[in-house]
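Here are the chains, one letter per residue:
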Amino acid sequence: MNLILNPTLDEAPPLRTHRGIVTSHDFLTTPPAAAMMQEGLDDGPDFLSEEDRGPRAVNVDLQTDATLQVDISDALSERDKVKFTVHTKSTLPNFKQNEFSVVRQHEEFIWLHDSFVENEEYAGYIIPPAPPRPDFDASREKLQKLGEGEGSMTKEEFTKMKQELEAEYLAIFKKTVAMHEVFLCRVAAHPVLRKDLNFHVFLEYNQDLSVRGKNKREKMEDFFKNVVKSADGVLVAGVKDVDDFFEHEKTFLLEYHNRVKDASAKSDRMIRSHKSAADDINRIASTLYTLGTQDSTDVCKFFLKVSELFEKTRKIEARVAADEDLKLADLLKYYLRESQAAKDLLYRRGRALVDYENANKALDKARAKNKDVLQAETSQQVCCQKFEKISESAKQELIDFKTRRVAAFRKNLVELAELELKHAKGNLQLLQSCLGVLKGDT
Amino acid sequence: MAAEMEPPPLGNAGETDFRELEDGEDLFVSTVTTLEYPEPSSPEPASLPAEDISINSNGPKQKDVSFDDDPEDLFAEATEEVSLDSPEREPILSDGPSPAITPVTPTTMLTPRMDLGAADMFERSLDEIEEDNNGDTFDIHIAVSDPEKVGDGMNAYMGYKVTTKTSMTIFNKNETTVRRRFSDFLGLHSKLASKYLHIGYIVPPAPEKSIVGMTKVKVGKEDLSSAEFVEKRRSALERYLMRTVKHPVLLKDPDVIMFLESSELPRAVSTQALSGAGILRMVNKAADAVNKMTIKMNESDAWFEEKHQQFENLDLQLRKLHASVESLVCHRKELSVNTASFAKSAAMLGNSEDHTALSRALSQLAEVEEKIDRLHQDQAYADFYLFSELLGDYVRLITAVKSVFDQRMKTWSKWQDTQLLLQKKRESEAKLQFANKPDKLQQAKDEIKEVRSTLEGKVEQGEKDFELISKTIRKEVSRFEKERVKDFKAVIIKYLESLVQTQQQLIKYWEAFLPEAKAIA
Numbered sequence: 001m002n003l004i005l006n007p008t009l010d011e012a013p014p015l016r017t018h019r020g021i022v023t024s025h026d027f028l029t030t031p032p033a034a035a036m037m038q039e040g041l042d043d044g045p046d047f048l049s050e051e052d053r054g055p056r057a058v059n060v061d062l063q064t065d066a067t068l069q070v071d072i073s074d075a076l077s078e079r080d081k082v083k084f085t086v087h088t089k090s091t092l093p094n095f096k097q098n099e100f101s102v103v104r105q106h107e108e109f110i111w112l113h114d115s116f117v118e119n120e121e122y123a124g125y126i127i128p129p130a131p132p133r134p135d136f137d138a139s140r141e142k143l144q145k146l147g148e149g150e151g152s153m154t155k156e157e158f159t160k161m162k163q164e165l166e167a168e169y170l171a172i173f174k175k176t177v178a179m180h181e182v183f184l185c186r187v188a189a190h191p192v193l194r195k196d197l198n199f200h201v202f203l204e205y206n207q208d209l210s211v212r213g214k215n216k217r218e219k220m221e222d223f224f225k226n227v228v229k230s231a232d233g234v235l236v237a238g239v240k241d242v243d244d245f246f247e248h249e250k251t252f253l254l255e256y257h258n259r260v261k262d263a264s265a266k267s268d269r270m271i272r273s274h275k276s277a278a279d280d281i282n283r284i285a286s287t288l289y290t291l292g293t294q295d296s297t298d299v300c301k302f303f304l305k306v307s308e309l310f311e312k313t314r315k316i317e318a319r320v321a322a323d324e325d326l327k328l329a330d331l332l333k334y335y336l337r338e339s340q341a342a343k344d345l346l347y348r349r350g351r352a353l354v355d356y357e358n359a360n361k362a363l364d365k366a367r368a369k370n371k372d373v374l375q376a377e378t379s380q381q382v383c384c385q386k387f388e389k390i391s392e393s394a395k396q397e398l399i400d401f402k403t404r405r406v407a408a409f410r411k412n413l414v415e416l417a418e419l420e421l422k423h424a425k426g427n428l429q430l431l432q433s434c435l436g437v438l439k440g441d442t
Numbered sequence: 001m002a003a004e005m006e007p008p009p010l011g012n013a014g015e016t017d018f019r020e021l022e023d024g025e026d027l028f029v030s031t032v033t034t035l036e037y038p039e040p041s042s043p044e045p046a047s048l049p050a051e052d053i054s055i056n057s058n059g060p061k062q063k064d065v066s067f068d069d070d071p072e073d074l075f076a077e078a079t080e081e082v083s084l085d086s087p088e089r090e091p092i093l094s095d096g097p098s099p100a101i102t103p104v105t106p107t108t109m110l111t112p113r114m115d116l117g118a119a120d121m122f123e124r125s126l127d128e129i130e131e132d133n134n135g136d137t138f139d140i141h142i143a144v145s146d147p148e149k150v151g152d153g154m155n156a157y158m159g160y161k162v163t164t165k166t167s168m169t170i171f172n173k174n175e176t177t178v179r180r181r182f183s184d185f186l187g188l189h190s191k192l193a194s195k196y197l198h199i200g201y202i203v204p205p206a207p208e209k210s211i212v213g214m215t216k217v218k219v220g221k222e223d224l225s226s227a228e229f230v231e232k233r234r235s236a237l238e239r240y241l242m243r244t245v246k247h248p249v250l251l252k253d254p255d256v257i258m259f260l261e262s263s264e265l266p267r268a269v270s271t272q273a274l275s276g277a278g279i280l281r282m283v284n285k286a287a288d289a290v291n292k293m294t295i296k297m298n299e300s301d302a303w304f305e306e307k308h309q310q311f312e313n314l315d316l317q318l319r320k321l322h323a324s325v326e327s328l329v330c331h332r333k334e335l336s337v338n339t340a341s342f343a344k345s346a347a348m349l350g351n352s353e354d355h356t357a358l359s360r361a362l363s364q365l366a367e368v369e370e371k372i373d374r375l376h377q378d379q380a381y382a383d384f385y386l387f388s389e390l391l392g393d394y395v396r397l398i399t400a401v402k403s404v405f406d407q408r409m410k411t412w413s414k415w416q417d418t419q420l421l422l423q424k425k426r427e428s429e430a431k432l433q434f435a436n437k438p439d440k441l442q443q444a445k446d447e448i449k450e451v452r453s454t455l456e457g458k459v460e461q462g463e464k465d466f467e468l469i470s471k472t473i474r475k476e477v478s479r480f481e482k483e484r485v486k487d488f489k490a491v492i493i494k495y496l497e498s499l500v501q502t503q504q505q506l507i508k509y510w511e512a513f514l515p516e517a518k519a520i521a
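From first to last, the protein sequence lines are chains A and B. With UniProt numbering, the residue at position 74 of the first sequence is 74, and numbering never jumps. With UniProt numbering, the residue at position 343 of the second sequence is 343, and numbering never jumps.
Watch out, some of these pointers could steer you wrong.
[To be verified] Computed list of lysine-lysine pairs in DSBU-like fashion (alpha-carbon distance at most 35 Å, straight line):
1) A:K160 x B:K402
2) B:K285 x A:K439
3) A:K305 x B:K307
4) B:K209 x B:K475
Hints listed in this document are in silico derivations from the structure and should not be mistaken for laboratory results. Given the structure is predicted, the values throughout are model-derived calculations rather than measurements.
Excised from the complex, chain A in its bound form:
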């Protein structure tokens, strides 16, 4: 199966995404729907990405696989939760209907993911990483600050900043939708996981799954489990593997994971600086505008023209930052999570290997003592089977992982370069035309 997966943000026109993303959110005091619909960034067709407007934002080769198609057709953002409408089209007999939708929340996705992780049967597979929690806190905080500072800035500045924040909110929203969708698609595309019963329940059961978030005790348990696991992981990792392939993968993944983490953090920082610079240009543009309107000399024309120019270039710069975020930062973040999932797989295999070796030793001991031999034999058989099963699927999974990774990077890097070029050319054209006008004036 040739899957090319990575979260991409659908960049549809502002008023109506193809999924009809609606948000009812009390944004300060403005009417919610209208406020959210404005996307401050967009300004005509040039700035819209030519991304596929089809049913999939993620390039999954679904043409050959009409048996199960999953997507998030709609999403609603309420005060502190996001409601995703999961839409399924399937020809599989397991489902009652061919097409149906349910509403799910983030916690339910996590439940599904955890159920995979805890299922021994799936130990040999890379479990698609869980989508990150929708995090609008930062955006909300900024909005609040804006509301508080309303008195201290002019009306135009206020509306501008509000528009920007709304656009940011919308962008984060779209991203979280995409990430949840990718998770589901990966599951749906996986030959084994797609048959999982929990998955079907998740897709079909149109009542609330009554999945409550983990309470404090469970969270503490999780924490300890993680501590134990990482300690164990170190032990297991220390065991030298006979199989070259896996030994190589182990070292590779470890290093790769760390470097992706680093690159992801650095790219985030870079993009943040980029955004701050764009914000500055925004402020400069408005001050220039004021100067232009106040000035009585010749130079007022200059100020006004340059202010206009900077407004436009700022939008482009903000777009550049947003695209870098999508194509680069998100890509790195996603592969950070996937490489962790791959590491987890290796850990499980390593654990199985250790168990197998221990079982072997126990069998030898039992045979030596001639005590409980049968028991030791069966346990050894079990461990052996488990280990071999995991090894086999793990090998395939890791190869698939590589293919996916390479394809995703290729797609994103190409798109990144193309977008950067497009924006730079756009910027250049604006600058040159403005310069032409200004030079002609003097």
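Chain B: place on chain A using the hints.
Structure of chain B alone, referenced to chain A:
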């Protein structure tokens, strides 16, 4: 005809006058020059060293004698009013040598005495007159370069090379090079300020002192920030000198010429912050601030009211803009640093990637990002040196403009005070008329009369001063506005061009990368 007179009709003919009268055309022009600033014979007396004041004060009187009967002598009456030692001069001085300038004629006095020839001169636009300075067009270029540390430890300082290239005749040579230090520049500014500020000329402010910056340099820190500091200062000094010489009056000031030409300059000790003069300056500044609050001026001239408001607005907006641009510079530098670190990280990632084509592509990405980081850095420099520094200069210049407006207010206030005093004297004189002390009466009457007439003279002087400074300010403001427009237009265009270049480079880099990305198999 004024043109026919050998020495210009204006008194205060110093040696410099004759220097300029090299050919007939010069004579006319120099006369015109003086007419351009008819109020002070400022180009001329300003170019005279302070010690010559006493001579000058005699000069006009002498000339007076010969031209007294000449009805066409525009300035005959004017010369009577030269009084360099008038008491009201002193409080205006902050420090430095006493000014050699005296306003000679308010324009109102001139018109009735104008004859046709002179009227022609007045009709020529001021623009033309400015261009015709001594028959030279404005052609001077100053460069400040080669900062070199002189000395060691806390007494060390930076010496700068000042190169003047010009074809103007007021300079001795076509090209002069001298070495100056920062306090020399400050000294020049303080001399010019003391001479010209109180009569309404906008004197360009000198670059600011920076204790932190200089200490780093003195201590010998050879790092990036002190190099940047020196470069920033060097550039600021160059701009300062160019602005100063662009002013047609300041250009001819002997202090300026001496600064640019003479190889040795007396140490300007009074510019040190903790010197006696420095402390006096601070006291005066405080006094000025207090005075400003107490003077409530009746603005009879709407133009001034309007302009004052305009400059306040401009000041506000420029400061805001300056702050935003500084923030942009800061963020761009940050962006550059972060891009560089991302580039390294991407390179590492590329190294660990085991798929060869992807690994290569990632390394290429790292290279592209590295180039882009340098690009951002360059752009940040452009942001700074083109845009931010210009704005900073103008914020300071507007402070100078505002202080000139304040000077006008002070002049007005002085005039009003003298007038009030005169009023009182007149009242006491009137009272004496009706007093019943016959013997003392005559003596008292005479005294009062004397005092009153001096006061009357002072009041007239005060009024003339006020009108003079008003007129000068009008001209200065219009010149300033013209300069401002020119400066901003030029800088904006240069800045946009730098942005264009950045984008073009970006396009090049990404275009080079794209095929690499596509080549990932």
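Taking the hints in turn, this is what the structure says about them:
{"no.": "1", "hint": "A:K160 x B:K402", "in the structure": "holds (34 Å)"}
{"no.": "2", "hint": "B:K285 x A:K439", "in the structure": "violated (43 Å)"}
{"no.": "3", "hint": "A:K305 x B:K307", "in the structure": "holds (24 Å)"}
{"no.": "4", "hint": "B:K209 x B:K475", "in the structure": "holds (30 Å)"}
Of the hints listed earlier, the one the structure fails to meet is number 2.
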